[in-house]
Amino acid sequence: MAAATEKTAEDIRRELQELQRQHREITERLRDPRGLRRGAPGPGPGPGAPRPLRGFARPAVGPESGDQPPQKRRLLSAVVKDYNSLPEPAPRELPRNEDPNLVRRNKRMLGQLLVGTLEKFQQEDKKLSNSEAFLRRSETQRKAEQKVREESERLRQKEREQIAEKRKRDMTLRARVAAKAEEKRLELLYIQWTEHHKRLSNFLRLFLFLVFEEWKSMRRDELTRFQKQVEEQYLSNVERQLERIQNARNARKANGHANMQEMDKELDTHRAEHGPKTRRVPEEGGNDDDEDAEDMAAEDEVMDEVLGINDGINEDPSKPSEEATTEGGEPAPEEAQ
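The number in my numbering is simply the position in the sequence shown, starting from 1, with 12 added.
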């Protein structure tokens, strides 16, 4: 009865293939949390392969598609030349004055006119900027911009938290799927080992000191304990990977602050030696898109490094998985074997 309830090796292989498919889907979801690379061609094998492009690759629609109506027939058009039309007017050449004194006079008058107009506009602007209406309007505009920046930062922080929570959930699920696949691999190895000993039990052996069923139950207990250890090892690897991602993000922020401090030091040195120098720093909130793009690129690189470990589930039961290793890189002891 017990033998009838046990799964065969073919059933375990099918379950292992299904777990491998789920593992690939979760890995793709982790590498593209915002769904920007869906539909794009995947990267080729090897670390030097080009990174997949962001965006959606629209599939080409051919004339054989049944959902699209047939295209209309195009009519050939003819170009007829009219010989009775008037000729195009030639560009008129204006006379140029070669007198240098007159040229300098015209430049001087134009410069005075431009400077006078600019001074007039500056005076009007200064007069308007000192009025109460302009000050109230400027204060209202400043408060509105500050509110928009705060709302944008709040939404951006909320999106980061949601992505981090989803990443943690997906990485935990990915680790559980990988641990389950490792258990199936060990189960397959246990079935092969049991069949081997079952065939050997039919022959006379000098060291046969246990009954086959007792030996099988004892090995089953050892296999169950080792499978629990494998699952714990996978989940602990998830915690280390999340900590590595957080450390990389903190290091990026620290490098940004260090670069700003280095720029301030250079400005102080230049001011002491050559006088004041303007520093072109974008306004607050003006480079949010660039920061988001840099964060996304950096997170993609870190996730590619983290997910590069055991990218595909090992189906060979004779080889240990790369993720089922200890902190020092040593493989966990396989007591079940």
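Since the hints were derived computationally from the structure, they do not count as laboratory data. Any given hint might turn out to be false.
As the list claims (entries may be wrong) - With a straight-line cut-off of 27 Å between C-alpha atoms, the simulated DSS-like cross-links for lysine-lysine are:
hint, residue 1, residue 2
1, K170, K159
2, K240, K228
3, K192, K159
4, K180, K192
5, K19, K180
6, K228, K210
7, K155, K139
8, K178, K132
9, K19, K170
10, K192, K19
11, K170, K180
12, K210, K19
13, K170, K192
14, K139, K192
Stated by the list, open to error - Each pair of labels, with its calculated beta carbon distance range:
hint, residue 1, residue 2, range
15, E151, L125, 53 to 59 Å
16, R26, S229, 53 to 59 Å
17, E144, T184, 31 to 37 Å
18, R252, R168, 48 to 54 Å
19, A156, P99, 57 to 63 Å
20, R181, S143, 37 to 43 Å
21, E40, D233, 33 to 39 Å
Given the structure is predicted, the values throughout are model-derived calculations rather than measurements. Glycine included, C-beta positions come from ideal geometry on N, C-alpha and C.
So, going through the hints one by one against the coordinates:
| no. | hint | in the structure |
| --- | --- | --- |
| 1 | K170 - K159 | holds (16 Å) |
| 2 | K240 - K228 | holds (19 Å) |
| 3 | K192 - K159 | violated (49 Å) |
| 4 | K180 - K192 | holds (18 Å) |
| 5 | K19 - K180 | violated (33 Å) |
| 6 | K228 - K210 | holds (10 Å) |
| 7 | K155 - K139 | holds (23 Å) |
| 8 | K178 - K132 | violated (59 Å) |
| 9 | K19 - K170 | violated (46 Å) |
| 10 | K192 - K19 | holds (15 Å) |
| 11 | K170 - K180 | holds (15 Å) |
| 12 | K210 - K19 | holds (17 Å) |
| 13 | K170 - K192 | violated (33 Å) |
| 14 | K139 - K192 | violated (76 Å) |
| 15 | E151 - L125: 53 to 59 Å | violated (36 Å) |
| 16 | R26 - S229: 53 to 59 Å | violated (26 Å) |
| 17 | E144 - T184: 31 to 37 Å | violated (60 Å) |
| 18 | R252 - R168: 48 to 54 Å | violated (27 Å) |
| 19 | A156 - P99: 57 to 63 Å | holds (59 Å) |
| 20 | R181 - S143: 37 to 43 Å | violated (57 Å) |
| 21 | E40 - D233: 33 to 39 Å | holds (38 Å) |
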